[in-house]
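Undergrad: Chain residues, written in single-letter form:
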Amino acid sequence: MGKNLAGKSAFIVAVLVIFCFGIVGIPHGGLTQSIKDRIHLGLDLKGGTHLVLEVHVAEAIASATDRDVARLEADLQKAGVAGATVGKTDPSRPQTIIVSGIPAAKLSDARGVLQGSDYANYDVAATADGNSTLTMKLGAVRDLETRTLDTSIETIRERIDKLGVSEPVIQKYGLGENQILVELPGVDDPARVEEIIQSTAKLSIHAVTGGPYETDQAALQANNGVIPPDSMLVHGTGSAGAPDQIWLLKRVSEVEGTDFRDAQPGQDQNGRPNIRFNLTTDAGNRFYNYTQAHTASSATPGSMAIVLDNKVREVAGIQSAIRDSGEITGAFTQQQANDLSLMLRTGALPASISYLETRTVGPSLGAASIHQGIIAAIAGMLAVMVFMLIYYRGAGINADLALILNLVILLGFMGYTGSTLTLPGIAGVILTIGMGVDSNVLIFERIREELRAGKTAAAAVQQGFAHAWVTIIDTHVTTIVSAMILFLFGSGPVRGFAITLAFGLFANLFTAVLVSRVIFDAILQKKERGAALSI
Amino acid sequence: MELFRTTNIDWLGKKWYFLGFSLIFSVLGVLSILFWHHIPLGVDFKGGTQVRVAFDQAPNEDHIRQAMDRAGVHDARIQRVSDPSGHAANKVIIALPESTATDQSHDAGRQSVESALSANYHDSGFTVEQVEIVGPTAGKQLQKQAWLATLYSLIGMLIYLWFRFELIYGVAAVVAVFHDTLITVGAFSLTNQEITLTVIAAILTLIGYSMNDTIVVFDRIRENLALSRRESLHDVVNRSINQTLSRTVISSGLTFLTVLSLYLFGGEVLHGFSFALVVGILIGTYSSIAVAAPMLVAYQDWRVSKGKTVTLPAGKRAKV
Numbered sequence: 001m002g003k004n005l006a007g008k009s010a011f012i013v014a015v016l017v018i019f020c021f022g023i024v025g026i027p028h029g030g031l032t033q034s035i036k037d038r039i040h041l042g043l044d045l046k047g048g049t050h051l052v053l054e055v056h057v058a059e060a061i062a063s064a065t066d067r068d069v070a071r072l073e074a075d076l077q078k079a080g081v082a083g084a085t086v087g088k089t090d091p092s093r094p095q096t097i098i099v100s101g102i103p104a105a106k107l108s109d110a111r112g113v114l115q116g117s118d119y120a121n122y123d124v125a126a127t128a129d130g131n132s133t134l135t136m137k138l139g140a141v142r143d144l145e146t147r148t149l150d151t152s153i154e155t156i157r158e159r160i161d162k163l164g165v166s167e168p169v170i171q172k173y174g175l176g177e178n179q180i181l182v183e184l185p186g187v188d189d190p191a192r193v194e195e196i197i198q199s200t201a202k203l204s205i206h207a208v209t210g211g212p213y214e215t216d217q218a219a220l221q222a223n224n225g226v227i228p229p230d231s232m233l234v235h236g237t238g239s240a241g242a243p244d245q246i247w248l249l250k251r252v253s254e255v256e257g258t259d260f261r262d263a264q265p266g267q268d269q270n271g272r273p274n275i276r277f278n279l280t281t282d283a284g285n286r287f288y289n290y291t292q293a294h295t296a297s298s299a300t301p302g303s304m305a306i307v308l309d310n311k312v313r314e315v316a317g318i319q320s321a322i323r324d325s326g327e328i329t330g331a332f333t334q335q336q337a338n339d340l341s342l343m344l345r346t347g348a349l350p351a352s353i354s355y356l357e358t359r360t361v362g363p364s365l366g367a368a369s370i371h372q373g374i375i376a377a378i379a380g381m382l383a384v385m386v387f388m389l390i391y392y393r394g395a396g397i398n399a400d401l402a403l404i405l406n407l408v409i410l411l412g413f414m415g416y417t418g419s420t421l422t423l424p425g426i427a428g429v430i431l432t433i434g435m436g437v438d439s440n441v442l443i444f445e446r447i448r449e450e451l452r453a454g455k456t457a458a459a460a461v462q463q464g465f466a467h468a469w470v471t472i473i474d475t476h477v478t479t480i481v482s483a484m485i486l487f488l489f490g491s492g493p494v495r496g497f498a499i500t501l502a503f504g505l506f507a508n509l510f511t512a513v514l515v516s517r518v519i520f521d522a523i524l525q526k527k528e529r530g531a532a533l534s535i
Numbered sequence: 001m002e003l004f005r006t007t008n009i010d011w012l013g014k015k016w017y018f019l020g021f022s023l024i025f026s027v028l029g030v031l032s033i034l035f036w037h038h039i040p041l042g043v044d045f046k047g048g049t050q051v052r053v054a055f056d057q058a059p060n061e062d063h064i065r066q067a068m069d070r071a072g073v074h075d076a077r078i079q080r081v082s083d084p085s086g087h088a089a090n091k092v093i094i095a096l097p098e099s100t101a102t103d104q105s106h107d108a109g110r111q112s113v114e115s116a117l118s119a120n121y122h123d124s125g126f127t128v129e130q131v132e133i134v135g136p137t138a139g140k141q142l143q144k145q146a147w148l149a150t151l152y153s154l155i156g157m158l159i160y161l162w163f164r165f166e167l168i169y170g171v172a173a174v175v176a177v178f179h180d181t182l183i184t185v186g187a188f189s190l191t192n193q194e195i196t197l198t199v200i201a202a203i204l205t206l207i208g209y210s211m212n213d214t215i216v217v218f219d220r221i222r223e224n225l226a227l228s229r230r231e232s233l234h235d236v237v238n239r240s241i242n243q244t245l246s247r248t249v250i251s252s253g254l255t256f257l258t259v260l261s262l263y264l265f266g267g268e269v270l271h272g273f274s275f276a277l278v279v280g281i282l283i284g285t286y287s288s289i290a291v292a293a294p295m296l297v298a299y300q301d302w303r304v305s306k307g308k309t310v311t312l313p314a315g316k317r318a319k320v
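Each protein sequence line maps, in turn, to chains B and E.
The opening position of the first sequence corresponds to residue 1 in full-length UniProt numbering, with each subsequent residue numbered one higher.
The opening position of the second sequence corresponds to residue 1 in full-length UniProt numbering, with each subsequent residue numbered one higher.
Hint data in this document are derived by calculation from the structure and do not stem from the laboratory.
It should be emphasised that the depicted structure is a prediction, and the values quoted were computed from it without experimental measurement.
Just so you know, not all the hints are guaranteed correct.
Pairs of lysine-lysine, DSSO-like flavour, derived with a Cα cap of 27 Å [unchecked claim]:
#1 B:Lys172 <-> E:Lys46
#2 B:Lys311 <-> B:Lys250
#3 B:Lys88 <-> B:Lys311
#4 B:Lys172 <-> E:Lys306
#5 B:Lys88 <-> B:Lys137
#6 E:Lys144 <-> B:Lys172
#7 B:Lys202 <-> B:Lys172
#8 B:Lys106 <-> B:Lys527
#9 B:Lys36 <-> B:Lys8
Which stretches of chain E does chain B cover? Using the computed rule of at least three CB atoms under 8 Å from a CB of chain B, they are [what the hints assert, rightly or not]:
#10 235-248
#11 263-276
From the three backbone atoms N, C-alpha and C, an ideal C-beta is built for every residue, glycine too.
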């Protein structure tokens, strides 16, 4: 027994040292600093912004099928199927393309194209009226959704990194579909962050085929009431300070999104903020061919429109061939020019984004919460410890030691696992103090009962622990069940609470059962046979 | 020191008082939920914008209201923050209804509050300490999660107790815990305090806590049933409650002490959270003795009256 006891004591001391290290690490620059380095504080304690965003993945699917519509038209043309129209009719089903008006003689040619390997992502079905529908396969839709969400997270991360926020969290939010959680410590002006994240920054340059018009009706009349299928009407200002006008633009862009290699804010010769951009080599060559063919001195002079987030920002005639650099001068403020070039550098979001939750905590409220939480913890702990000493005398010391060790292990756990301490988490620590002492009370009451039944001190301790153990296991399991469910369903602060509660319970199993037992055994060993136990 | 040496109280004999007490509180709560304050939902579940503003000097709520009105913000709810000791802090929560936070535009509500104050409130300077904006989608999502979390933890515990004891033990414990939850939510409704995400966390904790308390009594019942098979269930249950009474009172008392310290010193951000625990721990302790244990006996009596075999729900023998 004696040797066993020494071994157990050594084990307990080792655990104590290991978890102390977990809390403070190798001490440097004062105790508080050391603790702060190890225990991560949640946003509600250190201040910051918490956002939940939803990515509209359906848009990414719609633009994928849009591209396939254009491709399919070209492919059908190539296969000699004239007169067929390819399009999408139902906006709520972006994954479906309908091919109609295929001449009866060309049906087999058309089918050959549709069932070719280029459209393997689609299920092809013939409808009764001779049309064909292509529906994107479920697997392909899922893949695209996942990719869209991943790209969005990457893009948002790059933008936020460029803002210089330290330790941001940007990850999938497991509680809803297609949602992203963004946590920005120390940022308490969410308005600008929202603007930067939310802007899709979809930049493209389109050939102008008509306009400007004053109203939509005017635009329609000028084109005999029909918008050509390869064109679209886009609103915008065209140049700084101009009123809203409408242009008819080619649907397919000359350069767009990923073609931009770099963008920098600058000023034009009049001192107005502008954005200078560079294109990738490949896009530069394409752009050169296009501008070369449409310069003012050529047979087909043209102008081009710079479109940002579906708004025309600038329309300019093509003066000379441009290869890979240019500039956009719109009605920008310097801040907008800065933000916009940042977004162009980091790439466009694949789909637009909306906000579900925004929570901001200022640093002063966080500091007050820490202060109050610590006071509440100390007051609660003192009350419990004093009571235990009075009520259980000698054994009270035992319980108090176990309680302190419980706290050390709990905080050490948090230091090692890098868990986050939130305000409800502090409440969890306080609750652990109250509930942790329950195991000791269970054991002590049982020992007293056994003593009353006339058992010797050693036998009473032995029996007390044996009986209480069953109950302790049952009570801990049920509480761990609720902590786990909180962890799965909660987010942010609530999750922090679940973590401290669960760690506290595990630490408690160790301290209440092993540590108190060793202390009791040590006391019993020193005592004379038959001497009374202080409990 | 010992408070309870050998108590010998006939707890089951008082079951009609207990039933009356539980009924009064449950019914009061349910009536308030149905007809009076309903369940006062916080911004987390209801959606909307909530801005917490700290003023340099004691704020004048009427002036704040006027400032809002002048800026065209008419439906703001303005509430002075007070700490639990009743001291009014120089802080005000300004809440705007759901319509200010759509999924498309989020920040409009906050901006209108801030600009209204800086333009029209001249008593003292202010800083915005906390902004919570929850859109309609998120609000619904959070509501659903709260329901599911509560439901799943009840089911999880029912299954665990079924496995460790017997089904009737699980049912009795879950009924007791449901009773606690109902009364706690009722207390929020009666006092018109908002239920937020952290309050739900507190309710889930108290589900675990009340379950704890019930299990301690059940464990003793099981142990005593295994030891003395001739004693009637009624007597065994009474004796078990009396034997564990000392532990029940001391443990609950100590937990209550810590929760009370949280309520008094923990600051107004945790107010709802600690209120739920203060109420919950009192009710949870009461329900293990007054609801869960009598249910076991009532079930037994019902089986006997049906002429079925008397199976003491001794359950599986205590083994670990």
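Undergrad: Each hint needs a verdict: does it hold in this structure or not?
TA: Each hint tested on the structure:
1. B:Lys172 <-> E:Lys46: At roughly 24 Å apart (the allowed maximum being 27 Å), Lys46 (chain E) and Lys172 (chain B) satisfy the hint.
2. B:Lys311 <-> B:Lys250: Holds: Lys311 (chain B) and Lys250 (chain B) sit about 14 Å apart, inside 27 Å.
3. B:Lys88 <-> B:Lys311: With Cα atoms ~23 Å apart, Lys88 (chain B) and Lys311 (chain B) stay inside 27 Å; holds.
4. B:Lys172 <-> E:Lys306: violated (56 Å)
5. B:Lys88 <-> B:Lys137: Holds: Lys88 (chain B) and Lys137 (chain B) sit about 16 Å apart, inside 27 Å.
6. E:Lys144 <-> B:Lys172: Status holds; Cα separation ~19 Å.
7. B:Lys202 <-> B:Lys172: holds (23 Å)
8. B:Lys106 <-> B:Lys527: The given pair, whose Cα atoms are some 104 Å apart, is violated under the 27 Å limit.
9. B:Lys36 <-> B:Lys8: Violated, because 32 Å separates the two Cα atoms, which is more than 27 Å.
10. 235-248: Since three or more residues must qualify, the claim that chain B covers the segment 235-248 of chain E holds, with 4 doing so at under 8 Å.
11. 263-276: Contact hint for the segment 263-276 of chain E vs chain B: holds, 8 residues under 8 Å.
Going down the numbered hints, you'll see the structure goes against 4, 8 and 9, while the others check out.
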